[in-house]
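Chains as they are written, first to last, in the numbering used here: chain B, 1 to 351; chain X, 352 to 880.
Possibly wrong hints are sitting among the right ones.
Claimed, not checked - Sample of chain X residues with no beta-carbon within 12 angstroms of chain B, all distances over it, derived:
no.: 1; residue: Arg-570
no.: 2; residue: Met-579
no.: 3; residue: Ala-784
no.: 4; residue: Ser-786
no.: 5; residue: Leu-793
no.: 6; residue: Arg-797
no.: 7; residue: Pro-805
no.: 8; residue: Leu-861
Claimed, not checked - Derived PhoX-like pairs (lysine-lysine); straight-line CA-CA distance at most 25 angstroms:
no.: 9; chain 1: B; residue 1: Lys-212; chain 2: X; residue 2: Lys-843
no.: 10; chain 1: B; residue 1: Lys-215; chain 2: X; residue 2: Lys-460
no.: 11; chain 1: B; residue 1: Lys-302; chain 2: X; residue 2: Lys-843
no.: 12; chain 1: B; residue 1: Lys-276; chain 2: B; residue 2: Lys-289
no.: 13; chain 1: B; residue 1: Lys-151; chain 2: B; residue 2: Lys-276
no.: 14; chain 1: B; residue 1: Lys-161; chain 2: B; residue 2: Lys-172
no.: 15; chain 1: B; residue 1: Lys-251; chain 2: X; residue 2: Lys-778
no.: 16; chain 1: B; residue 1: Lys-161; chain 2: B; residue 2: Lys-201
no.: 17; chain 1: B; residue 1: Lys-245; chain 2: X; residue 2: Lys-876
no.: 18; chain 1: B; residue 1: Lys-201; chain 2: B; residue 2: Lys-151
no.: 19; chain 1: B; residue 1: Lys-340; chain 2: B; residue 2: Lys-324
no.: 20; chain 1: B; residue 1: Lys-161; chain 2: B; residue 2: Lys-212
no.: 21; chain 1: B; residue 1: Lys-324; chain 2: B; residue 2: Lys-195
no.: 22; chain 1: B; residue 1: Lys-201; chain 2: B; residue 2: Lys-259
Rather than coming from a laboratory, the hints here were simulated on the basis of the structure. Note that beta-carbon positions come from the ideal geometry of N, C-alpha and C, so glycine has one too.
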Amino acid sequence: MKIRSHALAGIALAATAALGLSACGGGPTPAASGSASAGGAGSGEITVYNAQHEDLTQAWVDAFTKETGIKVTVRNGEDPEMANQIIQEGAASPADVFLTENSPAMAQVENAGLFADVDQATVAQVPANFRPSTNKWTGIAARSTVLVYDKTKLTEDKLPKSMLDLANPEWKGRWGASPSGADFQAIVAALLELKGETATKEWLKAMKDNSKAYKGNSTAMKAVNAGEIDAALIYHYYYFGDQAKTGENSKNVSQYYFKNQDPGAFLSVSGGGVLKSSKNAAAAQEFLKFVTGKKGQEILQKGTSFEYAIASDVPANDKLVPVKDLQAPTVDPAKLNSEKVTDLMTEAGLL
Amino acid sequence: MTTDLSAPQVSGDTTTAGRGKRPRPPFGVSAVGILAVLTALFSLLPLGYVIFMTGVTGWDTAVTLVFRPRVGELLLNTVLLILITVPLCLVLGVGGAWLVERTGLRGNKWWAVLLAAPLAVPAFVNSYAWVSAVPSLEGLWSGVLIATLSYFPLVYIPAAAALSRLDPAIEQSAASLGLGAWRTFFRVVLPQLRIAMTGGALLVALHLLAEYGAFAMIRFDTFTTAIMIQYRSTFNGTAGNMLASVLVFFCLILLLLEGRSRGTARYARVGSGVQGKALRLPLRSYQLPAQLSLLALTVLAFGLPLWVVLRWTLAGAGSWPADEFIPALLQTLGYGLAGAAVTIVVGFPMAFLAVRYPSWFSKALELSNYITSSMPGIVVGLAFVTVSIRVVPGVYQTAGVLVAAYVLLFLPRALVNLRSGLAQAPKELEEAAQSLGRPPLLSFIRVTLRLTAPAAAGGAALVFLGIVNELTATLLLSPNGTRTLATQFWSKSSEIDYVGAAPYALLMILVSAPMTYLLFQQSKKAAGQ
Numbered sequence: 001m002k003i004r005s006h007a008l009a010g011i012a013l014a015a016t017a018a019l020g021l022s023a024c025g026g027g028p029t030p031a032a033s034g035s036a037s038a039g040g041a042g043s044g045e046i047t048v049y050n051a052q053h054e055d056l057t058q059a060w061v062d063a064f065t066k067e068t069g070i071k072v073t074v075r076n077g078e079d080p081e082m083a084n085q086i087i088q089e090g091a092a093s094p095a096d097v098f099l100t101e102n103s104p105a106m107a108q109v110e111n112a113g114l115f116a117d118v119d120q121a122t123v124a125q126v127p128a129n130f131r132p133s134t135n136k137w138t139g140i141a142a143r144s145t146v147l148v149y150d151k152t153k154l155t156e157d158k159l160p161k162s163m164l165d166l167a168n169p170e171w172k173g174r175w176g177a178s179p180s181g182a183d184f185q186a187i188v189a190a191l192l193e194l195k196g197e198t199a200t201k202e203w204l205k206a207m208k209d210n211s212k213a214y215k216g217n218s219t220a221m222k223a224v225n226a227g228e229i230d231a232a233l234i235y236h237y238y239y240f241g242d243q244a245k246t247g248e249n250s251k252n253v254s255q256y257y258f259k260n261q262d263p264g265a266f267l268s269v270s271g272g273g274v275l276k277s278s279k280n281a282a283a284a285q286e287f288l289k290f291v292t293g294k295k296g297q298e299i300l301q302k303g304t305s306f307e308y309a310i311a312s313d314v315p316a317n318d319k320l321v322p323v324k325d326l327q328a329p330t331v332d333p334a335k336l337n338s339e340k341v342t343d344l345m346t347e348a349g350l351l
Numbered sequence: 352m353t354t355d356l357s358a359p360q361v362s363g364d365t366t367t368a369g370r371g372k373r374p375r376p377p378f379g380v381s382a383v384g385i386l387a388v389l390t391a392l393f394s395l396l397p398l399g400y401v402i403f404m405t406g407v408t409g410w411d412t413a414v415t416l417v418f419r420p421r422v423g424e425l426l427l428n429t430v431l432l433i434l435i436t437v438p439l440c441l442v443l444g445v446g447g448a449w450l451v452e453r454t455g456l457r458g459n460k461w462w463a464v465l466l467a468a469p470l471a472v473p474a475f476v477n478s479y480a481w482v483s484a485v486p487s488l489e490g491l492w493s494g495v496l497i498a499t500l501s502y503f504p505l506v507y508i509p510a511a512a513a514l515s516r517l518d519p520a521i522e523q524s525a526a527s528l529g530l531g532a533w534r535t536f537f538r539v540v541l542p543q544l545r546i547a548m549t550g551g552a553l554l555v556a557l558h559l560l561a562e563y564g565a566f567a568m569i570r571f572d573t574f575t576t577a578i579m580i581q582y583r584s585t586f587n588g589t590a591g592n593m594l595a596s597v598l599v600f601f602c603l604i605l606l607l608l609e610g611r612s613r614g615t616a617r618y619a620r621v622g623s624g625v626q627g628k629a630l631r632l633p634l635r636s637y638q639l640p641a642q643l644s645l646l647a648l649t650v651l652a653f654g655l656p657l658w659v660v661l662r663w664t665l666a667g668a669g670s671w672p673a674d675e676f677i678p679a680l681l682q683t684l685g686y687g688l689a690g691a692a693v694t695i696v697v698g699f700p701m702a703f704l705a706v707r708y709p710s711w712f713s714k715a716l717e718l719s720n721y722i723t724s725s726m727p728g729i730v731v732g733l734a735f736v737t738v739s740i741r742v743v744p745g746v747y748q749t750a751g752v753l754v755a756a757y758v759l760l761f762l763p764r765a766l767v768n769l770r771s772g773l774a775q776a777p778k779e780l781e782e783a784a785q786s787l788g789r790p791p792l793l794s795f796i797r798v799t800l801r802l803t804a805p806a807a808a809g810g811a812a813l814v815f816l817g818i819v820n821e822l823t824a825t826l827l828l829s830p831n832g833t834r835t836l837a838t839q840f841w842s843k844s845s846e847i848d849y850v851g852a853a854p855y856a857l858l859m860i861l862v863s864a865p866m867t868y869l870l871f872q873q874s875k876k877a878a879g880q
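Just need the whole structure built from these sequences, with the hints factored in.
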């Protein structure tokens with residue numbers, strides 16, 4: 001309701017603003033300051049730039065507002081888009097909190113010097129392997145890389161030992177991924193960090209020849225299920241999410257974990273951070289503490305996102321393979337470089 | 352009133368008022384002119400942005416980003432899509448219009464409306480429906496299928512309007528000179544549809560360039576989908592901007608081609624006289640095949656998406672998040688109405704100038720609007736994001752910026768209608784009112800504005816329809832917390848949550864349907880353009 005009345009007021013302003021804009025021929029009047037107040041200067045309201053699952057964040061926001069009375073406005077987008085947006089906005093950013101699905105976008109904002117230090121109380125809630133050593137942001141959840149495959153066609157012994165084997169000719173035309181998505185770009189960032197630029201470049205080049213590009217991980221899994229491709233490189237929770245619903249997009253699908261510290265066993269840390277430019281830093285820190293706290297992590301554990309809960313000693317959803325069994329490679333989340341990744345992927349013709 | 356008074360060419364060509372000595376605009380008109388110039392300058396902002404970004408990037412980087420294999424793939428995809436889809440739309444649009452208007456087709460009144468109906472289904476809803484019905488759809492031919500079914504009404508509507516107003520006298524003469532029905536059609540009727548066809552073809556082609564959602568859903572990459580992907584990866588990266596400059600180049604070529612092929616011949620009746628009733632060709636044994644093919648077309652273009660959307664909506668009934676989609680509906684209506692109103696107001700000075708004081712200057716003004724509106728929402732959105740963050744951070748992420756973008760994107764839709772409306776309100780009437788003692792301003796309002804109102808309503812409907820279906824600029828520019836039907840539908844359907852997306856799709860169709868009908872009626876009235 002509040003959102004609606006806000007928007008209607010904004011639209012009423014819009015007419016005048018748009019007229020003002022056109023009448024000034026590119027030198028618009030500073031008329032509509034509607035969004036500045038949407039940031040809620042001083043009123044205790046916060047704005048979250050959200051690249052995490054919309055439903056999960058909404059659940060966090062609802063519970064947080066219920067507990068603290070602090071109003072939260074959410075702007076949804078994708079990791080890299082929102083990270084770059086925050087950087088472009090700089091000190092003028094309306095964002096107070098930034099939540100992502102993966103680490104590279106967080107590292108990017110951190111490198112631009114835009115994050116405030118995370119409160120000590122929050123840091124204490126999150127184990128060291130799920131946050132950057134700098135404490136400029138923190139892990140809020142985790143997700144494992146996995147190869148979903150068509151179990152009606154393949155058995156585990158016919159699957160590649162390493163994610164890098166997908167570059168081999170026998171996999172030509174048989175696998176898929178969602179290269180335009182932040183998830184996949186995080187996997188490439190891990191590969192870059194673990195194996196270096198030359199190896200990554202070659203692998204991406206082979207991927208361009210070998211793989212089919214889907215829009216979104218769920219679509220890629222659906223394609224495996226429908227027999228369009230044999231396997232897809234995605235994250236683990238799409239399978240669990242679909243199984244929990246109707247299972248119609250994963251009936252024929254099984255999950256394969258690469259393990260052995262392979263780049264394909266990469267465990268991606270979802271991040272949360274408070275912007276230095278926040279006008280409501282206290283409320284913003286409060287929100288981050290809530291998300292990584294017991295209640296926040298239990299929402300994650302019991303919810304339908306099937307991501308790994310990582311903080312406040314809340315165990316992961318018991319349907320998931322335990323984190324210690326994943327044998328993920330060690331990667332410092334603060335070192336994942338998203339800009340280099342998009343450059344390399346553009347060069348390989350994937351973007 | 353005779354028909355020749357209401358015969359402005361679609362755009363660009365001088366109307367009769369412009370011939371001979373050019374009237375010198377009085378002061379009030381100069382003010383209107385200044386407004387029009389400012390609007391035109393403002394509307395060139397996105398083009399300026401793309402040129403500026405290309406300049407900033409530097410020649411070498413630009414060349415490496417533009418001349419790479421990926422751009423070749425996109426170029427091939429985009430060109431093939433246009434080359435295959437536009438002719439298909441012309442065949443279906445003109446064929447349908449001819450059956451409905453000029454043959455003894457039974458139930459032609461119903462078919463006339465049904466063939467316009469697919470316009471109420473946004474292309475990305477169409478794509479969603481098809482993908483959920485036939486999950487293996489992907490690539491060029493699926494793109495052609497969905498684009499053709501979504502966009503043929505853009506040819507059909509003007510073609511039907513033109514056909515219903517064609518002077519049968521010429522056909523009668525042709526027949527009396529011994530031409531058969533087929534040859535009469537190709538040599539007499541078809542050439543007279545040239546404006547409707549080139550205009551419709553241009554619209555279809557520009558939609559093909561701009562479309563994002565429909566093609567993203569079936570994994571078909573065009574320049575626009577690639578720019579969106581680049582944007583999502585880097586927010587405002589150089590690679591995306593370079594793709595945009597190629598796209599703008601594309602749009603300019605299309606505009607140029609259309610201007611060329613429209614020609615300079617005059618198609619309107621000259622002088623008074625009574626227009627005869629159009630001839631209707633009896634279909635006889637072709638009646639059944641004609642009925643069946645129209646049935647197939649409407650089922651594929653309108654029936655299937657509607658059926659799929661209804662099916663998914665009912666499948667999710669009971670779990671309807673009414674508290675989510677009612678705000679989305681209200682916001683969509685709010686933006687649609689505000690955007691349409693502002694666009695009409697902003698477009699009026701320009702249309703006024705073009706009709707009353709036509710010159711190379713007013714033509715240039717108009718052209719600048721066409722250039723901007725031919726760019727995809729993503730490019731206009733990018734320009735607005737960059738400029739508003741850097742130059743006027745106060746308006747960044749406000750509803751005002753979004754509405755301003757809508758105005759630029761959809762201004763020509765309003766202009767075309769306003770022009771024809773103004774042309775039907777001849778200056779002489781206003782002058783007559785003045786000579787009867789009304790002050791100029793009052794006579795302008797009482798006579799001209801009132802006579803223009805129906806056309807303005809038609810233009811507003813068209814703009815409204817555009818805003819309801821707009822996705823990319825809305826995603827980029829909307830204020831925090833905004834959820835329109837289109838963005839909500841998109842976020843659900845990208846997660847292949849067909850059930851969750853369906854109510855938004857249904858609402859979009861329901862909101863668009865009356866506007867489509869209004870438009871269809873309006874185009875009939877304004878025929879002869």
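(request) Kindly indicate which numbered hints from before are broken by the structure, ordering the numbers from low to high. (result) Of the numbered hints given earlier, those the structure breaks are 1, 2, 10, 13, 15, 17, 18, 19, listed in rising order.
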